[in-house]
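Undergrad: One letter stands for each residue in the lines below.
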Amino acid sequence: MRWLRLLAMALFVSAAALAVVPSVVAVPADRVTASPPIPAASAAGDLVSSGRALYLTHCQTCHGAEAEGSGIGPSLHGVGAAAADFMLRTGRMPFSGATNSQPVRKPPAFDEQAIRALVAYVASLGNGPAIPSPTVDQNLVSKGQRLFVENCAPCHGVTGKGGAVGGGWLAPPLDKATPVQVDEAMIIGPGQMPFFSDLSDAQRNAVVSYVSYLQGAPTPGGFSIGGIGPVPEGYAAWLVGLVLLLIITLLVARDWKPN
Amino acid sequence: MTAARWLTFFLLVSTGASLALVAIYLLNGGPQLEGIFLALALGGFGAALIIWVGWLINAPTESEPRHSLASSPEARERFMETLDPELISRRRFLVRVAAGAATALGLALVLPAFSLGPLPGQDLFKTAWRRGLRVVDTEGKPIRPEDLPLDSVRTVFPQGFVGRPDSQTLLIKVRPTDLRLENGRDNWAPGGAIGYSKVCTHAGCPVGLYRAQQHQLLCPCHQSTFDVLTGATVVFGPASRPLPQLPMEVDSDGYLVALGDFPEPVGPGFWDMTHEQPSEGA
Amino acid sequence: MLGWLDDRLGTASWARTGLRKIFPDHWSFLLGELALFCLVILVATGVYLTLFYVPDSREVVYAGPWRPLQGQDVSAAFNSVMRLSFEVRGGLVMRQVHHWAALVFLAAITVHVMRIFFTGAFRKPREINWLVGIGLLTMALAMGITGYSLPDDLISGTGLRIIYSVVISIPFIGPYLAFLVFGGEFPTTEIVSRLFVFHIMLLPALLIGGVLTHLTILWVQKHTQFRGPGKTEENVVGKPFWPSQVFKSTGLMILTAAVLALMGGLIQINPVWSYGPFDATTVSAPAQPDWYVGWLEGSLRIFPPAEFTLLGVTVPSTFIPGILIPGALFTTLALWPFLEEWITGRHTEQSLLDPPREHPVRTGLGVAGILVFVVFTIEGGNDVVALVLGIPVETVTNILRVAIFVVPIAGYFITHWICLELQGRHGPLVPRGPGMQLRRNAQGGFDEVEEP
Numbered sequence: 001m002r003w004l005r006l007l008a009m010a011l012f013v014s015a016a017a018l019a020v021v022p023s024v025v026a027v028p029a030d031r032v033t034a035s036p037p038i039p040a041a042s043a044a045g046d047l048v049s050s051g052r053a054l055y056l057t058h059c060q061t062c063h064g065a066e067a068e069g070s071g072i073g074p075s076l077h078g079v080g081a082a083a084a085d086f087m088l089r090t091g092r093m094p095f096s097g098a099t100n101s102q103p104v105r106k107p108p109a110f111d112e113q114a115i116r117a118l119v120a121y122v123a124s125l126g127n128g129p130a131i132p133s134p135t136v137d138q139n140l141v142s143k144g145q146r147l148f149v150e151n152c153a154p155c156h157g158v159t160g161k162g163g164a165v166g167g168g169w170l171a172p173p174l175d176k177a178t179p180v181q182v183d184e185a186m187i188i189g190p191g192q193m194p195f196f197s198d199l200s201d202a203q204r205n206a207v208v209s210y211v212s213y214l215q216g217a218p219t220p221g222g223f224s225i226g227g228i229g230p231v232p233e234g235y236a237a238w239l240v241g242l243v244l245l246l247i248i249t250l251l252v253a254r255d256w257k258p259n
Numbered sequence: 001m002t003a004a005r006w007l008t009f010f011l012l013v014s015t016g017a018s019l020a021l022v023a024i025y026l027l028n029g030g031p032q033l034e035g036i037f038l039a040l041a042l043g044g045f046g047a048a049l050i051i052w053v054g055w056l057i058n059a060p061t062e063s064e065p066r067h068s069l070a071s072s073p074e075a076r077e078r079f080m081e082t083l084d085p086e087l088i089s090r091r092r093f094l095v096r097v098a099a100g101a102a103t104a105l106g107l108a109l110v111l112p113a114f115s116l117g118p119l120p121g122q123d124l125f126k127t128a129w130r131r132g133l134r135v136v137d138t139e140g141k142p143i144r145p146e147d148l149p150l151d152s153v154r155t156v157f158p159q160g161f162v163g164r165p166d167s168q169t170l171l172i173k174v175r176p177t178d179l180r181l182e183n184g185r186d187n188w189a190p191g192g193a194i195g196y197s198k199v200c201t202h203a204g205c206p207v208g209l210y211r212a213q214q215h216q217l218l219c220p221c222h223q224s225t226f227d228v229l230t231g232a233t234v235v236f237g238p239a240s241r242p243l244p245q246l247p248m249e250v251d252s253d254g255y256l257v258a259l260g261d262f263p264e265p266v267g268p269g270f271w272d273m274t275h276e277q278p279s280e281g282a
Numbered sequence: 001m002l003g004w005l006d007d008r009l010g011t012a013s014w015a016r017t018g019l020r021k022i023f024p025d026h027w028s029f030l031l032g033e034l035a036l037f038c039l040v041i042l043v044a045t046g047v048y049l050t051l052f053y054v055p056d057s058r059e060v061v062y063a064g065p066w067r068p069l070q071g072q073d074v075s076a077a078f079n080s081v082m083r084l085s086f087e088v089r090g091g092l093v094m095r096q097v098h099h100w101a102a103l104v105f106l107a108a109i110t111v112h113v114m115r116i117f118f119t120g121a122f123r124k125p126r127e128i129n130w131l132v133g134i135g136l137l138t139m140a141l142a143m144g145i146t147g148y149s150l151p152d153d154l155i156s157g158t159g160l161r162i163i164y165s166v167v168i169s170i171p172f173i174g175p176y177l178a179f180l181v182f183g184g185e186f187p188t189t190e191i192v193s194r195l196f197v198f199h200i201m202l203l204p205a206l207l208i209g210g211v212l213t214h215l216t217i218l219w220v221q222k223h224t225q226f227r228g229p230g231k232t233e234e235n236v237v238g239k240p241f242w243p244s245q246v247f248k249s250t251g252l253m254i255l256t257a258a259v260l261a262l263m264g265g266l267i268q269i270n271p272v273w274s275y276g277p278f279d280a281t282t283v284s285a286p287a288q289p290d291w292y293v294g295w296l297e298g299s300l301r302i303f304p305p306a307e308f309t310l311l312g313v314t315v316p317s318t319f320i321p322g323i324l325i326p327g328a329l330f331t332t333l334a335l336w337p338f339l340e341e342w343i344t345g346r347h348t349e350q351s352l353l354d355p356p357r358e359h360p361v362r363t364g365l366g367v368a369g370i371l372v373f374v375v376f377t378i379e380g381g382n383d384v385v386a387l388v389l390g391i392p393v394e395t396v397t398n399i400l401r402v403a404i405f406v407v408p409i410a411g412y413f414i415t416h417w418i419c420l421e422l423q424g425r426h427g428p429l430v431p432r433g434p435g436m437q438l439r440r441n442a443q444g445g446f447d448e449v450e451e452p
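The listed protein sequences correspond, in order, to chains A, B and C.
The first sequence: position 155 = 155 (my numbering), numbered continuously.
The second sequence: position 105 = 105 (my numbering), numbered continuously.
The third sequence: position 343 = 343 (my numbering), numbered continuously.
You may find that some hints are simply not true.
Calculated lysine to aspartate or glutamate pairs in the EDC-like style (CA-CA distance at most 16 Å, straight line) [stated by the list, open to error]:
#1 21(C) with 62(B)
#2 126(B) with 190(C)
#3 222(C) with 62(B)
Computed beta-carbon distance windows for the label pairs [as the list claims (entries may be wrong)]:
#4 5(B) with 343(C): 50 to 58 Å
#5 97(B) with 313(C): 32 to 40 Å
#6 343(C) with 1(B): 29 to 37 Å
#7 8(B) with 217(C): 34 to 42 Å
#8 217(C) with 168(A): 18 to 26 Å
#9 27(C) with 60(B): 47 to 55 Å
#10 313(C) with 250(A): 53 to 61 Å
#11 361(C) with 30(B): 33 to 41 Å
#12 178(B) with 388(C): 33 to 41 Å
#13 122(B) with 217(C): 49 to 57 Å
#14 99(A) with 343(C): 43 to 51 Å
#15 168(A) with 30(B): 38 to 46 Å
The hints are simulated quantities; they were obtained by calculation from the structure and are not laboratory data.
Backbone N, C-alpha and C define an ideal beta-carbon position, used for all residues, glycine too.
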């Protein structure tokens with residue numbers, strides 16, 4: 001009788017996925033940074049169930065057999081495709097650090113197909129936010145800078161180099177974040193990051209555009225020595241400036257030709 | 001290589017770099033090229049001077065006598081004779097009156113300095129928040145508590161005073177049941193939207209960081225940490241007072257409005273902050 | 001040409017003494033000159049910057065080439081710095097040389113003060129010059145703070161907010177003084193132009209006057225010298241002013257300029273375009289001042305909450321770490337020659353320098369003092385330390401709260417011990433008091449005994 005229950009559950013999940021998944025991953029062609037299109041609907045059910053299978057192998061220890069959460073990992077019901085996509089593509093999940101430490105960016109553990117399957121499965125667990133499709137627009141960089149300074153700079157630094165936010169947590173540097181990941185982070189508020197999901201699409205596009213600009217920003221003054229301000233500059237003043245000057249002073253005072 | 005050859009080498013490097021600088025300037029070569037060639041031009045010349053004096057000229061070490069600076073007792077006596085302080089100090093009464101007049105004159109001459117700025121008055125005790133002013137975001141739009149996502153943080157201002165620094169306020173959305181406030185202050189946080197002054201009570205920086213899972217605000221300047229759920233009480237760092245909480249309610253259209261100004265002065269402490277101030281209706 | 005001058009000023013007579021004046025040629029005696037040359041470069045580049053800078057807080061719309069700020073409201077001051085950096089040929093390299101020169105200026109002053117302190121060059125008759133020197137150090141700090149606040153960017157403006165809050169914390173006069181200096185409640189439109197006046201006129205006048213006083217006193221009193229063959233209290237051994245010292249100093253000045261030019265072109269410093277204009281409702285992290293103010297920042301971060309109210313007068317939490325501690329440190333530093341004279345009871349003139357190991361207490365206290373500043377400076381960057389080492393910033397602060405006591409005290413005792421060890425190893429010492437001589441004892445060390 002158990003296999004009958006499993007079959008019923010699989011059919012139900014597939015049906016739900018049929019409703020949810022296409023709206024999640026359908027992508028209009030004119031978006032600049034869109035996720036690649038997902039296979040046709042008939043295969044969607046397979047995606048959710050293969051996602052479920054992957055989930056049971058890799059995720060249920062922390063997130064529970066029905067993704068209801070446990071003492072170690074939160075519930076995934078209603079977190080949405082955006083959350084799963086963010087966590088899996090940035091490699092934060094599967095989590096491999098010490099208990100209660102911060103998940104950090106690392107190479108993803110799953111390939112493209114597996115990620116899509118897992119995302120499809122998590123998306124099927126309720127009405128969470130879909131994977132966004134942000135636009136990077138050079139004309140929005142200035143507006144994005146303003147929003148970034150107001151909302152993001154205190155933690156991530158105005159140059160996006162990251163920072164300590166206390167309690168052992170770090171706001172990560174943004175040099176490797178793709179536009180989709182930046183957008184997802186604003187929507188899902190990962191970890192200690194607050195939720196910025198009430199920002200409009202235009203506002204989030206502006207922030208995404210600014211972060212994208214930061215990643216290729218020129219450093220007209222020369223080596224940027226970290227880009228986090230006066231601390232490295234102070235080190236450079238002593239370890240480069242003063243050291244060079246002391247060497248020169250020693251050479252100047254030296255008796256080159258004692259008579 | 002002889003000293004003269006080294007000298008010539010360095011001077012040629014310097015001259016070449018100086019000429020290159022002209023081209024770099026005309027062609028707008030940018031700070032990196034400007035810096036490198038300026039360094040070569042200066043460095044070559046400086047090295048040449050050092051070699052010239054240290055190697056070519058190589059003056060011998062000499063000695064010269066050092067005399068004690070103190071003058072002889074006779075010279076000191078002669079000085080005191082010429083100075084003759086008795087000329088003035090004998091007239092003790094006059095000296096005292098003169099000293100008093102000089103002090104008064106000095107104080108009078110300092111008076112224009114007081115025009116440099118206004119008296120603080122009530123400025124440190126009050127912000128622009130008043131009863132009935134709507135809570136608006138940085139674009140001036142009013143806010144409904146239910147429109148705020150849980151665990152979001154916004155910087156808000158009184159309507160009509162967007163950007164006014166003393167009135168900057170953090171609006172945070174929490175679960176109302178998580179709040180543990182005293183003195184009935186949960187009534188000031190309708191729908192779980194709670195407002196605290198953004199001006200740090202330590203040294204006045206905007207308290208910009210929010211650790212959403214722990215519901216703690218962190219000021220980046222000196223790491224004062226405030227617990228949102230218990231009234232922004234200080235849990236770490238050098239701040240000594242919680243962030244003042246903004247009393248709010250929801251108006252008939254569902255938008256957040258202030259019930260009055262902050263109950264305490266915002267920002268860093270000052271000597272008379274506990275003194276009673278004349279009230280003029282919140 | 002020299003005859004033309006001599007006809008009018010009589011130079012041939014008095015200038016000759018100057019040309020022949022002897023300067024000892026130890027390398028450590030050039031550290032003060034390093035500071036002086038940084039100042040010369042600061043003035044030269046500073047004048048250039050002044051011709052482009054606009055000391056005005058009025059808002060304008062940024063329309064230059066830096067995309068992230070295009071169309072935004074910025075102060076005219078910030079706008080002028082952006083223009084100088086991106087639209088004026090040679091402007092950015094001048095700005096960067098100026099700022100690197102400022103950082104290196106204070107580093108050079110620091111090592112120069114350390115040399116004077118550890119070799120006892122502040123002893124009679126040079127106490128006045130020590131006081132002038134500490135005054136110069138204070139003014140250099142003020143120049144740095146007023147200078148980096150002129151671009152009116154996000155980071156330096158946050159620093160001004162902290163300074164305003166520290167001034168407000170002074171009991172009774174704090175709020176009045178702060179409102180006078182700033183022209184009202186922070187932020188004001190007056191402060192940028194007032195800082196400008198201090199930075200280009202008032203402070204440079206005092207600084208240059210102080211430097212001339214410092215050099216004149218040095219010239220009149222003659223330089224100290226290290227002990228060595230042929231050197232006594234009654235002579236100065238070295239090379240003559242002309243040509244040796246003139247060529248050496250001029251060469252060193254030009255080479256200092258070369259190093260600063262290299263840094264100004266190759267290493268980015270204070271990229272205000274990245275920080276954006278100052279806005280009192282926003283902030284970025286990590287938030288630090290320039291390195292030489294880091295110790296003050298650390299003092300504010302390290303101090304536990306310490307606000308209290310006495311008889312209705314509140315003493316805010318920034319008063320002790322922001323006013324009293326710096327005041328105590330600098331007062332001790334300034335009065336050091338007199339403290340030492342009072343403690344040791346030694347009032348004789350001394351122009352021969354002793355190696356630091358012969359004064360273990362002074363050397364130990366000097367090292368302890370330096371370590372206090374070092375621990376404070378590290379705490380000033382505690383969020384950067386936390387970021388780089390991956391440890392909680394609270395842990396950094398808690399460790400340093402212990403270290404601020406333990407490290408200087410340990411440093412004193414270790415230094416004291418090292419001095420005594422070096423004394424034992426380096427043989428004959430100069431007897432410590434007048435009328436004393438050294439006699440070898442059975443253990444191989446030395447005893448001070450009275451002269452027979």
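Undergrad: Of the hints stated earlier, which fail here?
TA: 2, 6, 8, 9, 11 and 14
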